Amino acid sequence: MGHLVPFSRLAVALSPSCDVSVAAVLPTVSSAESAHLDALFAAFPAVRRLDFPLAPFDASEFPASADPFFLRFEAMRRSVPLLLGPILAGAGASALVTDIALASVVIPVAKELRLPCYVLFTASAAMLSLCVHFPAYLDANAGGSVGDVDIPGVYRIPKASVPQALHDPNHLFTRQFVANGRMLATSDGILVNSIDALEPEPIAALQDGSVATGFPPVYSVGPLAPVSFPSGEPAKNQPPYMRWLEAQPARSVVYVSFGSRKAISRDQLRELAAGLEVSGHRFLWVVKSTVVDRDDDADLSEMLGQGFLERVQGRGMVSKGWVEQEEVLKQGAVGLFVSHCGWNSVTEAAAGGLPVLAWPRFGDQRVNAGVVARSGLGVWCDRWSWEGEEGMVSREEIAEKVKAVMADEAVSKKAAGVRDAAAKAVADGGSSHGNLAQFVQRCRDRSVSQ
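The sequence shown: position 49 = 49 (full-length UniProt numbering), numbered continuously.
Because the hints were derived from the structure by calculation, they are not lab data.
Predicted model, so just to flag it, every value in this text is computed and none were measured.
Certain hints may be false.
Said to hold, decoys possible - Here are the in silico distance ranges between beta carbons for each label pair:
no. : residue 1 : residue 2 : range
1   : Ser60     : Pro158    : 29 to 39 angstroms
2   : Asp420    : Phe229    : 22 to 32 angstroms
3   : Gln306    : Ala89     : 20 to 30 angstroms
4   : Leu50     : Glu390    : 43 to 53 angstroms
5   : Phe229    : Leu26     : 47 to 57 angstroms
6   : Gln306    : Leu113    : 53 to 63 angstroms
7   : Arg444    : Phe229    : 48 to 58 angstroms
8   : Ser228    : Asp420    : 49 to 59 angstroms
9   : Glu390    : Leu309    : 21 to 31 angstroms
10  : Ala247    : Gln164    : 34 to 44 angstroms
11  : Leu54     : Pro200    : 38 to 48 angstroms
Claimed, not checked - With a straight-line Cα cutoff of 20 angstroms, these simulated EDC-like cross-link-like pairs (lysine to aspartate or glutamate) come out:
no. : residue 1 : residue 2
12  : Lys401    : Glu277
13  : Lys320    : Glu33
14  : Lys424    : Glu201
15  : Lys320    : Glu277
Ideal placement from N, C-alpha and C gives every residue a C-beta, glycine not left out.
Required output: the full structure, derived from the provided sequences and hints.
Given below as structure tokens:
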């Protein structure tokens, strides 16, 4: 979902000025993914659906403990050379935008078809700069262990913030990441869902060639606007969490979500539950106990501790189903977002001017948490552990930090400044608005020239 959502937003943003098709990978992973695709094509009939059924994939060559997220990417990557060409030819495509996870296999197919090929980078510009520079870093490192990574023109990514998988050169994700990073320079351009107010150094360094010389154009087009799907349901049939939120006082609710990607351990979940209870604040908490978008059938009472739900009834709401997060963040009742700092979550918070308490758990999330802290969108307790590290964040620490940030007017003011900058960027005459128009014109010019 973290990759599907920004592609849907880009497709809708382009649809008034382009004939847009979206290749939907089948089978889908979860009911949330299926529902999102169905709603997209129903609400925006101008966006055409192209089904991309995956070729058979035997995962037995990988360890049983392999992350299903990376295995999914591998299944897609192996299907692209076999199946993508006929799909594109049948659609009459004149330009292509691919996910970064598929760049190294899609770009060669596009070149064979003489199609301009662009990449949508679904994470931060800081992470994009790491992706671009990391292959050169490994080459210069000559097989040594990964340490701090100094990205030219940007800043240093500390060893502790480098995604966990990248410390292992043989990890499936590392092989994918490096292959994609090396291939980016051969693309026709890269779209990144960010703005200067969030990431001035990475965006400037990518655009002026500091990170890599001879690099293609980089278009900052964020924050991509959320796509609203008409529900067809009367207001009384709204999800319970939305009805509950609408009844709460302004800026009184702490929204807690760690995304669809990774689950938190049972012990840490219970510490977080106790911390929210002790904080005294209202909260809406999206709980996840399974990995990678999967539907969750775990029992909440068992997960969070006996009596927790009864004790917080009325003051807190807990959901383990898919939540329309952009709608939640628009609600005036929400005053703080406790987030893993997946990039969609960061951009949605930025667009809403909602302060973030960053608690990264995995992958690019510490890089993104650094963006949150640098930009003033929120605060990051960088001593809090993430996946693979020893240590538990205690209920006392959680409660104390929640109370402190909820009471901090300076944080709220800075987050509002980021919101205003984001609104300016996407408005007529703004940087993101202009960059998207420039991208469309470039696609048209390349198509005509060919």
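Tested hints:
no. : hint                                : verdict
1   : Ser60 - Pro158: 29 to 39 angstroms  : holds (37 angstroms)
2   : Asp420 - Phe229: 22 to 32 angstroms : holds (27 angstroms)
3   : Gln306 - Ala89: 20 to 30 angstroms  : violated (59 angstroms)
4   : Leu50 - Glu390: 43 to 53 angstroms  : holds (46 angstroms)
5   : Phe229 - Leu26: 47 to 57 angstroms  : violated (20 angstroms)
6   : Gln306 - Leu113: 53 to 63 angstroms : holds (60 angstroms)
7   : Arg444 - Phe229: 48 to 58 angstroms : violated (29 angstroms)
8   : Ser228 - Asp420: 49 to 59 angstroms : violated (22 angstroms)
9   : Glu390 - Leu309: 21 to 31 angstroms : holds (30 angstroms)
10  : Ala247 - Gln164: 34 to 44 angstroms : holds (41 angstroms)
11  : Leu54 - Pro200: 38 to 48 angstroms  : holds (39 angstroms)
12  : Lys401 - Glu277                     : holds (13 angstroms)
13  : Lys320 - Glu33                      : holds (15 angstroms)
14  : Lys424 - Glu201                     : holds (19 angstroms)
15  : Lys320 - Glu277                     : holds (18 angstroms)
Going through the hint list in order, the structure does not satisfy hints 3, 5, 7 and 8.
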